[in-house]
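Protein chains: 2
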Amino acid sequence: MKDTKVNAAILIIGNEILSGRTQDTNTSTLATWLNSIGVKVKEVRVIPDIEKTIVDTLNVLRKENDYVFTTGGIGPTHDDITAESVSKAFGLKYEIHKEGYKILESYYKPGEFNEGRQKMIWMPENAELILNPTSGAPGFSVENVFCLPGVPSIMKSMLGGITNKIVGGEPILSKTISLKTVESEIANSLTKVQDNNKDVEIGSYPFFHAGKLGVSIVLRSENQSKIDECNLQILKFVNEKKIEVVER
Amino acid sequence: MKDTKVNAAILIIGNEILSGRTQDTNTSTLATWLNSIGVKVKEVRVIPDIEKTIVDTLNVLRKENDYVFTTGGIGPTHDDITAESVSKAFGLKYEIHKEGYKILESYYKPGEFNEGRQKMIWMPENAELILNPTSGAPGFSVENVFCLPGVPSIMKSMLGGITNKIVGGEPILSKTISLKTVESEIANSLTKVQDNNKDVEIGSYPFFHAGKLGVSIVLRSENQSKIDECNLQILKFVNEKKIEVVER
Chain A
8 MKDTKVNAAI LIIGNEILSG RTQDTNTSTL ATWLNSIGVK VKEVRVIPDI
58 EKTIVDTLNV LRKENDYVFT TGGIGPTHDD ITAESVSKAF GLKYEIHKEG
108 YKILESYYKP GEFNEGRQKM IWMPENAELI LNPTSGAPGF SVENVFCLPG
158 VPSIMKSMLG GITNKIVGGE PILSKTISLK TVESEIANSL TKVQDNNKDV
208 EIGSYPFFHA GKLGVSIVLR SENQSKIDEC NLQILKFVNE KKIEVVER
Chain B
8 MKDTKVNAAI LIIGNEILSG RTQDTNTSTL ATWLNSIGVK VKEVRVIPDI
58 EKTIVDTLNV LRKENDYVFT TGGIGPTHDD ITAESVSKAF GLKYEIHKEG
108 YKILESYYKP GEFNEGRQKM IWMPENAELI LNPTSGAPGF SVENVFCLPG
158 VPSIMKSMLG GITNKIVGGE PILSKTISLK TVESEIANSL TKVQDNNKDV
208 EIGSYPFFHA GKLGVSIVLR SENQSKIDEC NLQILKFVNE KKIEVVER
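Going down the list, the protein sequences come from chains A and B.
The numbering of the first sequence is our numbering, which starts it at 8 and goes up by one.
The numbering of the second sequence is our numbering, which starts it at 8 and goes up by one.
Treat the hints with care, since some could be wrong.
Since the list can't tell identical chains apart, any single copy or any two copies may satisfy a pair.
[As the list claims (entries may be wrong)] For lysine to aspartate or glutamate, the following EDC-like pairs were computed, each having C-alpha atoms within a straight-line distance of at most 20 angstroms:
no., residue 1, residue 2
1, 109, 229
2, 248, 122
3, 100, 71
4, 243, 71
5, 172, 63
6, 205, 106
7, 59, 71
8, 182, 254
9, 182, 112
10, 12, 58
11, 205, 58
12, 249, 192
13, 187, 119
14, 248, 119
15, 100, 254
16, 105, 254
Hints listed in this document are in silico derivations from the structure and should not be mistaken for laboratory results.
As the structure is a computational prediction, the values presented were derived from the model and not from experiment.
One chain only, chain A, in its complex shape (with noise of 0.2 angstroms):
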């Protein structure tokens, strides 16, 4: 079956992450915003901060997909390297961009705009910027690799912007559906649903929180009628079972 969705992947960029002292939101945030806009996640990645590493990875993922995204990497200090590595992925010229340098040099008082910051304005030739609403310091684009910064309220902020330059396709529709049972009494009959609906695809998750125990279904596809009609015959064997849907 030729998946013919539009597709990206999602690169996170740093040591942080890696080492378990950050825990990574920033898959989620754009998990969930791509969805809306009709693009699916085909793979994320989170590597150090490590050049090759940086640059190798971009390679494979800025031609398998439709779109990359970029996070961390790209603050004013000796670890954010991203702008640098993106620049070698593409071989281009590394150097200050004018209109960045513009934006940063009214955004701070005068004499403020020092070395430091005037490194977060330096990219690769030609990138188009993305505005960041929050802290001024912008992020960019360069064919289809979109970097943005790591810390999560800034990189949530800045994604506004760039939501006009994304062609997704249909946006994905999902249904759950939570129930009160364990996935092995229900793994045959969602079997069998799963055969008769191939263009719905069902995840069956376990949950335990917050004193219950159950199961949540979730429905995904394009096409809302579909998801119905997925919906009827799950509730069909959910109510042959006597099995009780809760709220989630």
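Given chain A, put chain B in place with the hints provided.
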């Protein structure tokens, strides 16, 4: 510089992470545990429940790393395909694990060890079990690949049982210095300290939360005295710049 550390990759298997519906927390749990036993996480990948993708990705990661830890896809439902995919990656038969069968047969009440539950003890031939103190169904390992469940509380409860199977290097030590400043104020000084301390990995991470704004500098090395020396050099410029050291 040859990296002599013991390395691992984490492979998160599951559409629910890629859709943004579920926030992965297994990466930070695994990374923290691995650090504590002297294993450095070199890469994390999140991939969908697609057999070819699992097989191909696993065959890359298991050759490039000392260890691979997978989470997700070992339950009883149709979308749980990790065990069968791992069998294919290693060219091993996919069959009922006799010891696992006995464990689950005695775990469930008579008559409750149904077909759905039996799926959970289909594994690659000669797999070693990873015992599950929380919910019965074991994980397994084949050579350097350790397959764990996706539910965070269950996954975490199984790590104690495999610690003695992992041969790590020196534990990676760290020290965090949090400052009331912005990155651009310290970037140049920090670069000099990094240049003078090649054996310490220095990370700089801005934070904005709970009403506080600042930068955490994280020093990581296997050598405590090198961390201490690096710490002194940082405190020297922090003092000269009259920057306040804060609790994070």
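Right, here's what the structure says about each hint:
In this assembly of identical chains, the alpha carbons of residue 109 and residue 229 never lie at most 20 angstroms apart, being 43 angstroms within a copy and 43 angstroms across copies at closest. In this assembly of identical chains, the alpha carbons of residue 248 and residue 122 lie at most 20 angstroms apart only when taken from different copies (16 angstroms versus 68 angstroms within one copy). With identical chains, the CA atoms of residue 100 and residue 71 are never at most 20 angstroms apart, being 24 angstroms at best within one copy and 31 angstroms at best between copies. With identical chains, the CA atoms of residue 243 and residue 71 are never at most 20 angstroms apart, being 40 angstroms at best within one copy and 47 angstroms at best between copies.
Taking CA atoms no more than 20 angstroms apart as the test, residue 172 paired with residue 63 passes in neither setting, with 25 angstroms inside one copy and 32 angstroms between copies. In the homo-oligomer, the alpha carbons of residue 205 and residue 106 never lie at most 20 angstroms apart, since the shortest distance is 49 angstroms inside one protomer and 35 angstroms across protomers. For a Cα distance limit of 20 angstroms, the shortest separation of residue 59 from residue 71 qualifies both inside one copy, at 19 angstroms, and across copies, at 15 angstroms. Within a single copy, residue 182 and residue 254 get their C-alpha atoms as close as 13 angstroms, which meets the 20 angstroms cut-off; across copies the closest is 43 angstroms, which misses it.
In the homo-oligomer, the alpha carbons of residue 182 and residue 112 never lie at most 20 angstroms apart, since the shortest distance is 48 angstroms inside one protomer and 35 angstroms across protomers. In this assembly of identical chains, residue 12 and residue 58 lie within 20 angstroms of each other by CA distance solely across copies; the values are 19 angstroms between and 31 angstroms within a copy. In this assembly of identical chains, residue 205 and residue 58 lie within 20 angstroms of each other by CA distance solely across copies; the values are 16 angstroms between and 42 angstroms within a copy. Taking the shortest Cα distances, residue 249 and residue 192 sit within 20 angstroms of each other inside one copy (11 angstroms), while across copies they are farther apart (64 angstroms).
For a Cα distance limit of 20 angstroms, the shortest separation of residue 187 from residue 119 across copies, 17 angstroms, qualifies, whereas the shortest one inside one copy, 59 angstroms, does not. For the identical chains of this complex, residue 248 and residue 119 are inter-copy neighbours only, at 15 angstroms across copies versus 68 angstroms inside a copy, given an alpha-carbon limit of 20 angstroms. In this assembly of identical chains, residue 100 and residue 254 lie within 20 angstroms of each other by CA distance neither inside one copy nor across copies; the values are 54 angstroms within and 41 angstroms between. Taking CA atoms no more than 20 angstroms apart as the test, residue 105 paired with residue 254 passes in neither setting, with 53 angstroms inside one copy and 38 angstroms between copies.
Violated hints, in rising order: 1, 3, 4, 5, 6, 9, 15, 16; the structure is consistent with all others.
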